[in-house]
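J.: For reference, the chains in residue letters:
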Amino acid sequence: MTGLMAKISGVWLVSILAGLPLFVSMGLAALAFLWISGIPLSVLPQKMAGSMNSFPIVAAPLFILMGNILGAAKITDRIVAFASALIGWVRGGYAHASILTSMIFAGMVGSAVADAAGSGAIEIRAMKNAGYKPETAAAITAAAATIGPIIPPSLPMVIYGVMADVSIGKLFMAGVVPGALMGLSLMAMVGVVARREGMGRQPFAGFAAIGRTFLRCFFAVMTPVVILGGMFSGLFTPTEAAAVACLYALFLGFVVYRTLELKQLGPILVDTAITTGIVMVLVMAAGALGWCISISRVPQTLTPMILETISNPLLFLLLVNVLLLVVGCFMEALAAMLILIPILAPAAASYGIDPVQFGVIVVLNLIIGTITPPMGIVLFVVIRIAEISFETMARAILPWLIPLLVVLAAITLWPPLTLWLPGLLSRP
Amino acid sequence: MQRWVVWLDRLLQLAAGTLVVVLLGTVVAGIVSRALNHPLSWTDEASGFLMVWLACLGWMIATRQSAHIRIRVFQDLLPLRPWQGTELVIQAATALLGAVIAGYSVHLIRSNSDIEALALPLSTAWMYVPMLPAGLLTLAQALVELWRLATGRVDKPEPLAP
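For the protein sequence lines, the chains are A and B, in the order given. Adding 99 to a residue's 1-based position in the first sequence gives its number in the working numbering. Position 135 of the second sequence, counted from 1, bears residue number 123 in the working numbering, the numbering being contiguous throughout.
Isolated chain A, as found in the complex (with noise of 0.2 Å):
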């Protein structure tokens, strides 16, 4: 079976290459497999809704719910205006301010393209009015973006918990280490270009103003310690987490600052309904054919044979680290996660890894996949918001990855980047 598995799996790559939808050449996949193994076909929509009705997979429409609540409550505005009094002082004042901006935000959204959309339009024009090259406003803005699905709450990290039976939790709390890193190293980043780009700075804001502009978005900036609070003070698990903090997202919309219209509330309920639609056919199917991998027993052949290979777990980290890049850049992240999961995992934890630091770091590889051409979906969202070309963006981002590949590489190296918080929150 496993070698019948190897060949779907071959016409099933070449499928997706050719443009198929994803949800479309995995449920194929899965449906060549059952067929010509003489497994009844029913299986494949039992499958697929079985990967569905699990109490843990909720928390995906919730979260999504929960951002574009905020999303629309338009409450970027005012992280702006605080990050921008509280670091907008320093050379580059407005780069900093927009990631400072992106790893609040991060705590509110759970997808790199979220952040990008809902804070974007405002720091890039805020950078370009400032002076900035528009392609660096851009790549700073995209690449800050890339922290949205590492601090918590996370999209990504909700599936692969689903997907590699991890807890969401403790995934969740081993991206915020991570998510600052990536912020500050970013930061870094824009003080050693600063003087080079001739970023400028604004004049000091005041204690006074940051405290005020702090006041105006504190409820906001307080949504990820609802949903981490909730979540290790043992109130709630992580889909109760995002229920509430749906309804603290509408709490402030509607009762604290009043940007939201009970007019907003239906397009916000059907974008969520789309997303999840777009999200969870494609968990639907890749339960379908995971069930199909573990069957014709890919995981049990593929292990060895690598554990053979490769004896060094750091040596098939960084492997993995490369093919996660590679791949990042052709394909969808979700998808890409959905389809390596199966395999990866197992020889994972042959290995002795911990499956919640491989997972941050699957996730961080595929979420810098959405920034890196040609197929980075982040930035086909920044291109338009920034008016430049996709040419101009591809060239502009790529300075911009290399602090990003350093917190990768140093989650990979070191542990306790991932695993010290959420081993903390679990001490007894």
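Among the hints, a few may not be true.
[What the hints assert, rightly or not] As a list, the in silico SDA-like pairs of lysine to any residue whose alpha-carbon atoms are at most 25 Å apart:
{"id": "1", "chain 1": "A", "residue 1": "362", "chain 2": "B", "residue 2": "76"}
{"id": "2", "chain 1": "B", "residue 1": "144", "chain 2": "A", "residue 2": "483"}
{"id": "3", "chain 1": "A", "residue 1": "106", "chain 2": "B", "residue 2": "76"}
{"id": "4", "chain 1": "A", "residue 1": "146", "chain 2": "B", "residue 2": "81"}
{"id": "5", "chain 1": "A", "residue 1": "146", "chain 2": "B", "residue 2": "76"}
{"id": "6", "chain 1": "A", "residue 1": "173", "chain 2": "A", "residue 2": "349"}
{"id": "7", "chain 1": "A", "residue 1": "227", "chain 2": "A", "residue 2": "516"}
{"id": "8", "chain 1": "A", "residue 1": "146", "chain 2": "B", "residue 2": "95"}
{"id": "9", "chain 1": "A", "residue 1": "173", "chain 2": "B", "residue 2": "9"}
{"id": "10", "chain 1": "A", "residue 1": "362", "chain 2": "B", "residue 2": "-4"}
{"id": "11", "chain 1": "B", "residue 1": "144", "chain 2": "A", "residue 2": "116"}
{"id": "12", "chain 1": "A", "residue 1": "227", "chain 2": "A", "residue 2": "146"}
{"id": "13", "chain 1": "B", "residue 1": "144", "chain 2": "A", "residue 2": "488"}
{"id": "14", "chain 1": "A", "residue 1": "146", "chain 2": "B", "residue 2": "84"}
{"id": "15", "chain 1": "B", "residue 1": "144", "chain 2": "A", "residue 2": "112"}
{"id": "16", "chain 1": "A", "residue 1": "146", "chain 2": "B", "residue 2": "105"}
[What the hints assert, rightly or not] Chain A residues, not near chain B, derived (Cβ > 10 Å throughout):
{"id": "17", "residue": "108"}
{"id": "18", "residue": "115"}
{"id": "19", "residue": "343"}
{"id": "20", "residue": "403"}
{"id": "21", "residue": "450"}
Read the hints as simulated data drawn from the structure, not as lab findings. Every residue, glycine too, gets a C-beta built ideally from N, C-alpha and C.
Based on the hints, put chain B in the right spot on chain A.
T.: Chain B alone, transformed into the frame defined by chain A:
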């Protein structure tokens, strides 16, 4: 015909939006009932069922809006004729998957109709019910696209990157 399609799209969006609210309400009911020391036994199971329905409705709307994720970069490099040929194969493959999902969902619904869920007074067949319209809509949309291709009503899209 066009009016019916618009009506179907609106109905799908209304149902999907309502399901998001019901799903949120169900999870919140679980939290509140537990906080009041009267935990409801059915909220987790109901959330799972609603999730299947929401995923299928979202899948259907995404199908209507051609919003499903595809890697078009290589296909769009092809000249018009080969592009149309690959698109024909792609839509035929999509129709096949939709037909299989719809057909075998009927079998699943029948065979599970007498099995009751654990905490809900419902048959487990309800979990498979949304797979049927999702499969049918996938099939129908692909057939429409095939017809449009055959009658020359589909233009090759412009490349994404300007």
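J.: Now, for every hint given, state plainly whether the structure supports it.
T.: Cross-check of the supplied hints:
no., hint, result
1, A/362 - B/76, "violated (41 Å)"
2, B/144 - A/483, "holds (21 Å)"
3, A/106 - B/76, "holds (24 Å)"
4, A/146 - B/81, "holds (20 Å)"
5, A/146 - B/76, "violated (28 Å)"
6, A/173 - A/349, "holds (12 Å)"
7, A/227 - A/516, "violated (35 Å)"
8, A/146 - B/95, "holds (14 Å)"
9, A/173 - B/9, "holds (22 Å)"
10, A/362 - B/-4, "holds (21 Å)"
11, B/144 - A/116, "holds (17 Å)"
12, A/227 - A/146, "violated (50 Å)"
13, B/144 - A/488, "holds (21 Å)"
14, A/146 - B/84, "holds (18 Å)"
15, B/144 - A/112, "holds (23 Å)"
16, A/146 - B/105, "holds (17 Å)"
17, 108, "holds (16 Å)"
18, 115, "violated (6 Å)"
19, 343, "violated (7 Å)"
20, 403, "holds (32 Å)"
21, 450, "holds (31 Å)"
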